[in-house]
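4 protein chains.
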Amino acid sequence: MADVNKVVLAYSGGLDTSVILKWLQETYGCEVVTFTADLGQGEEVEPARAKAQKLGVKEIYIEDLREEFVRDFVFPMFRANAIYEGEYLLGTSIARPLIAKRLVEIANQTGADAVSHGATGKGNDQVRFELGAYALKPGIQVIAPWREWDLTSRERLLAYAEQHGIPIERHGHKSPYSMDANLLHISYEGGILEDPWAEAEESMWRWSVSPEQAPDAPTYVELTFARGDVVAIDGEAMSPAAVLTKLNELGGANGIGRLDIVENRYVGMKSRGCYETPGGTILMKAHRAIESITLDREAAHLKDELMPRYASLIYNGYWWSPERRMLQAMIDASQTPVNGVVRLKLYKGGVSVAGRKSDDSLFDASIATFEDDAGAYDQKDAAGFIKLNALRLRIAAARGRQA
Amino acid sequence: MADVNKVVLAYSGGLDTSVILKWLQETYGCEVVTFTADLGQGEEVEPARAKAQKLGVKEIYIEDLREEFVRDFVFPMFRANAIYEGEYLLGTSIARPLIAKRLVEIANQTGADAVSHGATGKGNDQVRFELGAYALKPGIQVIAPWREWDLTSRERLLAYAEQHGIPIERHGHKSPYSMDANLLHISYEGGILEDPWAEAEESMWRWSVSPEQAPDAPTYVELTFARGDVVAIDGEAMSPAAVLTKLNELGGANGIGRLDIVENRYVGMKSRGCYETPGGTILMKAHRAIESITLDREAAHLKDELMPRYASLIYNGYWWSPERRMLQAMIDASQTPVNGVVRLKLYKGGVSVAGRKSDDSLFDASIATFEDDAGAYDQKDAAGFIKLNALRLRIAAARGRQA
Amino acid sequence: MADVNKVVLAYSGGLDTSVILKWLQETYGCEVVTFTADLGQGEEVEPARAKAQKLGVKEIYIEDLREEFVRDFVFPMFRANAIYEGEYLLGTSIARPLIAKRLVEIANQTGADAVSHGATGKGNDQVRFELGAYALKPGIQVIAPWREWDLTSRERLLAYAEQHGIPIERHGHKSPYSMDANLLHISYEGGILEDPWAEAEESMWRWSVSPEQAPDAPTYVELTFARGDVVAIDGEAMSPAAVLTKLNELGGANGIGRLDIVENRYVGMKSRGCYETPGGTILMKAHRAIESITLDREAAHLKDELMPRYASLIYNGYWWSPERRMLQAMIDASQTPVNGVVRLKLYKGGVSVAGRKSDDSLFDASIATFEDDAGAYDQKDAAGFIKLNALRLRIAAARGRQA
Amino acid sequence: MADVNKVVLAYSGGLDTSVILKWLQETYGCEVVTFTADLGQGEEVEPARAKAQKLGVKEIYIEDLREEFVRDFVFPMFRANAIYEGEYLLGTSIARPLIAKRLVEIANQTGADAVSHGATGKGNDQVRFELGAYALKPGIQVIAPWREWDLTSRERLLAYAEQHGIPIERHGHKSPYSMDANLLHISYEGGILEDPWAEAEESMWRWSVSPEQAPDAPTYVELTFARGDVVAIDGEAMSPAAVLTKLNELGGANGIGRLDIVENRYVGMKSRGCYETPGGTILMKAHRAIESITLDREAAHLKDELMPRYASLIYNGYWWSPERRMLQAMIDASQTPVNGVVRLKLYKGGVSVAGRKSDDSLFDASIATFEDDAGAYDQKDAAGFIKLNALRLRIAAARGRQA
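Protein chains in written order, with the UniProt record's numbering: chain A, 1 to 403; chain B, 1 to 403; chain C, 1 to 403; chain D, 1 to 403.
If we strip away everything but chain A, and leave its shape as in the complex, we get (with noise of 0.2 Å):
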């Protein structure tokens, strides 16, 4: 077991958390210094400091993280288009790294030698969480205690928090899934979902209404994009988190961004995670929409090819890399020209593209009509280009090569 002085550790209030604090304490004999962070995650974080005082803990950071979570990660991402194995938004991969950098910069300040985190060995975040550590503190210990301890049931974990006066809120009933949230998605996983088979149960979803209890008259909104990102929303100029903020009320009033996904882990297996990404799912509809008039083809198909790479590296933990900073460099050297407005219409489930205009619009109705272009385009030019183009397809045939 490594000697460590003082331990970072990612504090949600619970009481997993709030075993694993006790636990960094009795077993490391090491000071814990607790860091809760509001992600938009719906819940009170301030609450936490008491729980923390008393256990004992002395240093304590609460931080509201919303507007930069928005700004600096999700925002980037959605200018890539990411979707992770054709389905997922990425939601609960994206807040990780910015767990890890604060714990990094906590450990820092407070002279902390080591960083923890709630995390199994079985999933994605403890990747996620150690690989931004590692990246940021090379010299950094981990501490994962699910990896080390033997509380390995609730059972257990029970009988350790009533054992050390650790507070179990047995308010409502324990929801039996396993559930993340911030501001860009809340998931589900465990209980019948562990059967690919079961439907997910309609009393799960906590974010939108269903499908059949939204609305049944249809939400236009508008989105006004300024370098691939959103800046307001039906006129109104609005910060990032606040941006959304009301996608994910639009959205969720509308039934919009359910998802039911059988997804492979880094760690090697396969795993039935259900999400609500309202406001992403929208996010995501109108960023296509207004790159569809803004970007040069080649550029969109490079994003397009380039885009699955990019979405794994954020899904399994590799934020805080080279490759990923490439690639985000890259991405975002193609959105300087992403500006201009979407309207977008929500209807039970749905999001659908109803406009797109845009000062950089590269769309020229007068080369694309129907109608008489008068000579913007010289039709006869297409006949040299398919004749080029098919010319090593014919030299291949006439050699007899099957095409």
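Treat the hints with care, as some may be off.
To be verified - List of simulated lysine to any residue pairs, SDA-like, C-alpha gap at most 20 Å:
#, chain 1, residue 1, chain 2, residue 2
1, B, K357, A, K22
2, B, K380, A, W149
3, A, K22, A, Q53
4, B, K22, B, A2
5, A, K285, B, I83
6, D, K58, D, E87
7, C, K357, D, E189
8, C, K345, D, V209
9, B, K357, A, E87
10, C, K380, D, L24
To be clear, the hints were calculated from the coordinates, so they are not data collected in a lab. Please read these numbers as outputs of a predicted model, since none were measured by experiment.
Given chain A's structure and the hints, the job is docking chains B, C and D onto it.
This is chains B, C and D only, laid out in the frame that chain A set:
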């Protein structure tokens, strides 16, 4: 002007290709062979016979190609989860190589030295027809009247038709849209769509009810896959074309598969298009779902990374190319285990996955579980996994490299 | 034929472009501005002035662009380790965008409405010139005489020259090869090279001695890199053009950089080409060597995977495109730490690396050592690393999946 | 420690694996089966029998796998033109999957429940052996003594050997390098190579003369390819292993195939390695040359773009993975027309192509020629080709977009 004796024309029986038929006879003084295919466009093909006969055609080919179309073109493409520019399911693109193939085969059978089609000089279809024709018969002549003649306005075209006794059907009013249809989709271009800010009119859509008009109760359907293709719906075995026909019915009735995009044509311009792909939209969702439990992670990611290129090849007309065949070999090599059943919920424009199961499933609940896994997975392995994946990042950070 | 008032001609002063000059004056009745650049082709550019004057040209541009060429085009390209089709260092390709840029700038300065060049309709250079011109000045007219005129044989060309008083230099005999040269390379096409089975004659090569004639003792040289570019040779700081000039001397004297390939042109045909790239061959080897110790693994692999596409973009003439700029942004973002010294051995056509060192080196002997590493690396981590990387393979194998 | 009854050991007969043999018997109290393969490493394998017998082994497998190695592993890899990090021909990497396969097969035959190897915990080989073993037999135990035992210095190892009566051969002096050899290459690591600035000593190299010592006259050789593999040398048909043996002789005699690099290991560190791959270096050059005239451009480019990934898969040990098989299917699908003859010049470390010919050649002199092509290619087609390829760039430039 090329010296042509006999030309095979892709003939719909409509006004435009009837004018082309006449124009070819007059301009090239050549015999015209007509080829009319039922690809599931939803219009009778047999009436084309009388029209062609009336215009003096002696060799008339009218064929039902629906099964070949779905089996050899649509299904192989869906194995790749092919989507162009993040949105478009390639409904028009995928029909063209089959038409090109039959044009060439008929040219070989009838001793024709040329083929002709009714695609304009501004679009993608000319490229798709002609690349296919050249790849399959390198010495073929291609006549693209829209690039050659001076009938560049509808008035001139109508005047030519009138002058040559080609009947102009005046029942009903002409649609303001340029449309194309086959069993996979129907497309709309032109008219008010040439303004990307204008929302498509509800009256435009032909194959689906609006989400608003769709039933208030969801429809559930189960698709059975074998080697990546759907072979049964709700347990009933069906041929490829029957599968797609049935999915179109289900999708159309539930308002599924409408799409409104601005896309980048191969000839270099952006164009607005609206598409209805009811069955294809369901199929895509289902195929990804069955792959999610049966496909290895890296196999799936490799497919995802190459998908945009594969989709571009089809969009650009390179079905009959060695690179498309190579990618197909790679994709098909992955589909052996893609077997099982996907249960889908269809509701007011949305398709969501309600369950998936397979004898070839790689989902292993005993490993993924949040409960005790009885040693199936050793969480301590994760520490080494993370440590070595972080090693390069740590070495760089230790040298002061910015993460 | 287009209406042209003034045209800027890429003018070498040689017979072909002199004929073009005259032909433009005669055919288009327009004023001709000549542009002659020293790109390091090894021939005097100043004589072009008198020739142009004699043909009545009033605006004559003669410029030494060697530094700009190497600094802004060659060096950025070598940061990418760009090689086309596994062999070709893109010597001709990389000069064209600079010429296109200057043609357009001179057109803007002189109020010309067209540019012209002496590239044929079969090659890549026409594409490179014209894509560049169109990208930089979309309304420009491009006149490519070889695609327009009827001087399609050397006899007719000579007759035209004689008829119009254009001097034909008869000293020495005309090379049987079509050649192109700049500071990066000299190329040979045509003549006996049109038979891919025929070996190039020793007498063809102009810039390098044969390996057989090279010195019997090796030459060692040290190149110093800063941010991916060579800034000093054997400790002596040099400008970009001076670096490449010096490397050409060293390479040429040691028989380095000859290449004989069959390549695929963008216009669809295969062509045989021979190239001498003495300095570039050394530079490529050295750049990879300095990257090998300073670049992160995944950064290097990302570059390697995108290199063929980047190389194709340059080969095909897309230097002035958004996608090339995006890739360049990505590449340049990786080069900050690419600093240090590479020691090379040059011997009879071969370049080998004798050593590399850098203050930014990520090579850590204390970790890599076969000797005791004093705990820098815990070998037990490897077990978990392998176990988790193998997990998906094991799950598949356990279900009977063929590996 | 795992409970093991019988283990199959990859046994060279040398000191290290003899110590491992003993250590396995002692530590695990299990029976050891030895497996010794002739992969062309240039040492007798039969002496391993007596050594194993002396150590009490009852089941001894000694096999000549050279043909299988070249036919099923080396040749398929060369079809891909696989090079890791721009330089390394993967000589060690490609032998490991075959050894893993035979270890597992022998385990199945002998009822062993474990396999063991002599690779350290710092290198790539452990990963390659073990990923292969797990992929082929998911329940197998793997024992990697170097990651487990405390014989972490040469002194301790020798002491253990002496103590257990394992003969230490003292004839000659021990090489200062860690070496690995098979029919494709020999590698050197460690010793002074741990300083990347130090030049490798001439005395280190074993398989090739130095370029300086190579003959003063070049050697010409002709390789005949069928479906991408060499089937004859100078017209004489040969088996795969005979081909590689012969090419090694030719290459070694001419100083060909030495390489000195710093590479990135999969486990996260950089390491210096020197390699001699005489035959492989010739083969790579020849394979690219025959592809240059027989492969379609886009087929070749697709291969080039995926090659780095394919090479990484092999380097990292994923031969027995679905993604490698998918890529192989794609590559093999391209090799049907890769037939013909390549003539090479070997001279003092260099390999250059002197000619290539094929009945499947796509090189068409009548089109590529600088002479009159009799209408085979219409240069005017190029104007349309360029115009449409430029269209998107012109539209963007017309809107003031920077090129």
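request  = For the pair we were handed, K285/A and I83/B, check the Cα-Cα distance against 20 Å.
outcome  = holds, 15 Å
message = For K380/B and W149/A, compute the direct alpha-carbon distance and say whether it is at most 20 Å.
response = Cα-Cα ~10 Å, so holds.
query = Within a Cα-Cα threshold of 20 Å, do K357/C and E189/D meet the stated pairing?
reply = It holds: about 18 Å lies between the C-alpha atoms, which stays within 20 Å.
request  = Would you check the hint for K357/B and E87/A, treating anything up to 20 Å between C-alpha atoms as holding?
outcome  = The given pair, whose Cα atoms are some 18 Å apart, holds under the 20 Å limit.
ask   = Given the proposed pairing of K345/C with V209/D, does the C-alpha separation stay at or below 20 Å?
value = holds, 16 Å
task = Decide if the proposed pair is consistent with the structure: K22/A and Q53/A, CA atoms, cutoff 20 Å inclusive.
result = holds, 12 Å
Straight-line alpha-carbon gap K380/C to L24/D, limit 20 Å = holds, 18 Å
message = Given the hinted pair K22/B and A2/B, is their Cα-Cα distance within 20 Å?
response = holds, 17 Å
query = K58/D and E87/D: Cα distance at most 20 Å?
reply = violated, 43 Å
inquiry  = Would the hint linking K357/B and K22/A be met if the CA-CA limit is 20 Å?
reply    = violated, 42 Å
The structure fails hints 1, 6 (numbered hints given earlier, in ascending order).
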